[in-house]
Amino acid sequence: QKEVEQDPGPLSVPEGAIVSLNCTYSNSAFQYFMWYRQYSRKGPELLMYTYSSGNKEDGRFTAQVDKSSKYISLFIRDSQPSDSATYLCAMSKGGSEKLVFGKGTKLTVNP
Amino acid sequence: DAGVTQSPTHLIKTRGQQVTLRCSPISGHKSVSWYQQVLGQGPQFIFQYYEKEERGRGNFPDRFSARQFPNYSSELNVNALLLGDSALYLCASSLKGYAEAFFGQGTRLTVV
Numbered sequence: 005q006k007e008v009e010q011d012p013g014p015l016s017v018p019e020g021a022i023v024s025l026n027c028t029y030s031n032s033a034f035q036y037f038m039w040y041r042q043y044s045r046k047g048p049e050l051l052m053y054t055y056s057s058g059n060k061e062d063g064r065f066t067a068q069v070d071k072s073s074k075y076i077s078l079f080i081r082d083s084q085p086s087d088s089a090t091y092l093c094a095m096s097k098g099g100s101e102k103l104v105f106g107k108g109t110k111l112t113v114n115p
Numbered sequence: 046d047a048g049v050t051q052s053p054t055h056l057i058k059t060r061g062q063q064v065t066l067r068c069s070p071i072s073g074h075k076s077v078s079w080y081q082q083v084l085g086q087g088p089q090f091i092f093q094y095y096e097k098e099e100r101g102r103g104n105f106p107d108r109f110s111a112r113q114f115p116n117y118s119s120e121l122n123v124n125a126l127l128l129g130d131s132a133l134y135l136c137a138s139s140l141k142g143y144a145e146a147f148f149g150q151g152t153r154l155t156v157v
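As you go down the protein sequences, you meet chains A and B in turn.
Sequential numbering of the first sequence, starting at 5, is according to the numbering used here.
Sequential numbering of the second sequence, starting at 46, is according to the numbering used here.
The following block holds chain A by itself, in its conformation from the complex (with noise of 0.2 angstroms):
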């Protein structure tokens, strides 16, 4: 079993749609997780970054980790074209642990 499971897509909506991408993952000790959104042929952004359980919101994104269930998803409201892009999950034991990174999820908004 992979330590960090994405489903790997392809996902495609209509605009102004609300998106729920997902990740699970079989290690208890992650703490730390991560929301990356890749554009073709560039490098990650980071888009959120959480320290345990709970929710966070940055504008039209919230991300949300479950450690009870090991689960952890990002929503995004009024999605864009601009959305458009694979976004990839990634956790870490601690602070100074190695990233651990899901397949990344291929989203497609069309307007």
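Note that these hints are calculated values from the structure, not bench results.
These numbers were taken from a predicted model, which means no experiment stands behind them.
Built from N, CA and C at the ideal position, the CB exists for glycine as well.
Treat the hints with care, as some may be off.
Quick partial rundown of chain B residues pointing at chain A, CB under 10 angstroms, derived from the structure [stated by the list, open to error]: (1) V49; (2) Q51; (3) P53; (4) S78; (5) Q86; (6) G87; (7) Q89; (8) K97; (9) G101; (10) G103; (11) P106; (12) D107; (13) L135; (14) A144; (15) G149; (16) L154.
DSS-like mimics (lysine-lysine), calculated; alpha carbons at most 25 angstroms apart, straight line [unchecked claim]: (17) K141/B x K97/B; (18) K97/A x K58/B; (19) K141/B x K60/A; (20) K58/B x K46/A; (21) K97/A x K97/B; (22) K71/A x K6/A.
The calculated label-pair distances, taken between Cβ atoms and stated as ranges, are [said to hold, decoys possible]: (23) S57/A x G48/B: 24 to 34 angstroms; (24) P12/A x E99/B: 45 to 55 angstroms; (25) K71/A x G48/B: 27 to 37 angstroms.
Following the hints, complete the assembly by docking chain B onto the known chain A.
Frame of chain A; chain B shown alone:
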């Protein structure tokens, strides 16, 4: 402020050759990590350096090596290139090695 910068952006090498990739972290960041991303996969951890010392190494062969300089910039070296080394190589910097890591644009290496 400038973000993480990597050079070169693209590179084509022949099997068996050696390659050096370079990374300059965000100003004030003392930790640099290297990741390899093959098409359709998430990045895989190669190395982490903090204050010029190796803090971690991923499951990569000894053909991969890295170092960090006094100005916190870093180089990744890969010897005896294989076709399977073709990938996007990403550098990430963070403050004190914390998980909140910021990535550069990457170097796309093609081995032919």
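Violated constraints from the hint list, given by number and in increasing order: 3, 8, 11, 12, 16, 18 and 24
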